[in-house]
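Visitor: Note that the protein sequences, when read in sequence, are chains A and B.
Its first residue numbered 1, the first sequence is counted upward by one per residue in our numbering.
Its first residue numbered 1, the second sequence is counted upward by one per residue in our numbering.
If you are wondering where the hints come from, they were derived from the structure by calculation, not from laboratory data.
Keep in mind that the hints are not guaranteed to be accurate.
Within a straight-line C-alpha distance of at most 25 Å, the following computed DMTMM-like cross-link-like pairs (lysine to aspartate or glutamate) qualify [stated by the list, open to error]:
1. Lys80/B - Asp58/B
2. Lys60/B - Glu92/A
3. Lys60/B - Glu14/A
4. Lys60/B - Glu159/A
5. Lys55/B - Glu159/A
On a predicted model such as this, the values are computed, not experimentally measured, just so you know.
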Amino acid sequence: MVKPNTALTNSNYELRGIIMEALKIANLRTLSDEDVMEQLQTGVTQAFDIIVQRYKDRLHNFLYRYTHNHQDCEDLVQETFLRVYRSRHSYERIAKLSTWMYTIALNLAKSMYKKKQRMTKISMHADPNDSESREYEIEDSVILQDDQLHQKMSVAKLEKALLKLNDDFREVIVLRDIQQLSYEEIAEITDTAMGTVKSRINRARQQLQELIGDYVKSETF
Amino acid sequence: MTFKTSDDIINEIIADFSECNLSEAELQSFSELQDKNLKIRRTAQSGIRIHNMLKRLDTKGVSSRFDQRMSAKFSLELEKEIQIKNAKLIEENQKATTS
């Protein structure tokens with residue numbers, strides 16, 4: 001009788017395990033966001049990576065408009081994903097996964113923004129009795145001739161203007177014009193009526209126009 | 001019951017106009033309104049302008065180190081979860097043996 005080669009059998013098992021794992025991940029990739037989330041809820045941890053891969057850039061692009069700092073933004077994106085994981089059992093399929101995730105990200109961004117604002121106020125006005133202590137706005141008076149440079153500065157001006165909008169206006173305009181979500185999704189994320197969302201979007205656009213003035217030419221974009 | 005003010009309605013229409021979401025009939029009525037009211041025309045034009053500018057802003061994606069950091073944080077999270085589960089099991093076992 002021939003004895004089975006145990007070393008070969010073990011490596012076969014390992015190989016089979018690797019193949020099964022690869023198939024599982026490949027299968028997960030074909031699922032909808034909501035189905036992937038369901039897998040995560042049942043304990044398939046590989047589903048988490050699929051969600052991260054699908055949403056990392058989208059969330060970063062969204063949160064960057066709040067932080068304006070890549071490092072802070074990446075920390076926020078990671079925190080969003082960890083919260084998604086921690087509260088995975090509270091997710092219900094009645095909502096789109098993207099909407100649910102944006103809501104978590106928005107809440108995190110809001111609280112971080114408030115914290116940062118408080119810290120900026122403290123550092124900018126260290127001595128409230130000092131009359132010399134004031135904010136300076138550095139104006140660039142150089143006449144720009146280079147189109148590329150002008151475009152770069154126009155983008156910077158627009159992004160700076162975005163930061164000056166109040167929370168209600170900024171969140172809707174970023175979700176609509178940058179993230180290109182539907183009005184229904186925005187209404188759900190911000191917990192406001194659709195009419196209010198539309199109205200805020202329009203007001204936010206007007207405010208941005210006022211903030212950037214004529215500096216940014218429409219042909220620039 | 002709440003009612004929309006005329007300002008809200010105009011704002012909603014301008015938002016739809018800026019994204020080319022008005023029906024033909026709505027567009028015709030709105031064009032007439034713009035002819036009569038310069039302020040509305042200016043507002044509608046800047047709405048289109050800002051919408052297009054924002055749409056064309058560069059996408060800011062994550063850095064190349066993101067995945068590595070994310071998987072490290074997730075591993076810690078899983079570890080923490082296991083520790084909590086284990087602690088619960090030990091507690092339950094202890095309760096069972098004492099009773």
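Visitor: All hints are to be evaluated individually against the structure, with a verdict given for each.
Guide: Against the structure, the hints:
1. Straight-line distance between C-alpha atoms of Lys80/B and Asp58/B comes to about 38 Å, which puts the hinted pair past the 25 Å bound.
2. Taken as a hint, the Lys60/B and Glu92/A pair is broken in the structure, with Cα atoms around 30 Å apart against an allowance of 25 Å.
3. With a C-alpha separation of about 40 Å, the suggested pair Lys60/B and Glu14/A falls outside the 25 Å cut-off, and the hint is violated.
4. Taking the CA atoms of Lys60/B and Glu159/A, the gap is about 12 Å. The hint holds against a cut of 25 Å.
5. Taking the CA atoms of Lys55/B and Glu159/A, the gap is near 12 Å; set against the 25 Å cutoff, the hint holds.
In summary, the numbered hints that this structure violates are 1, 2 and 3.
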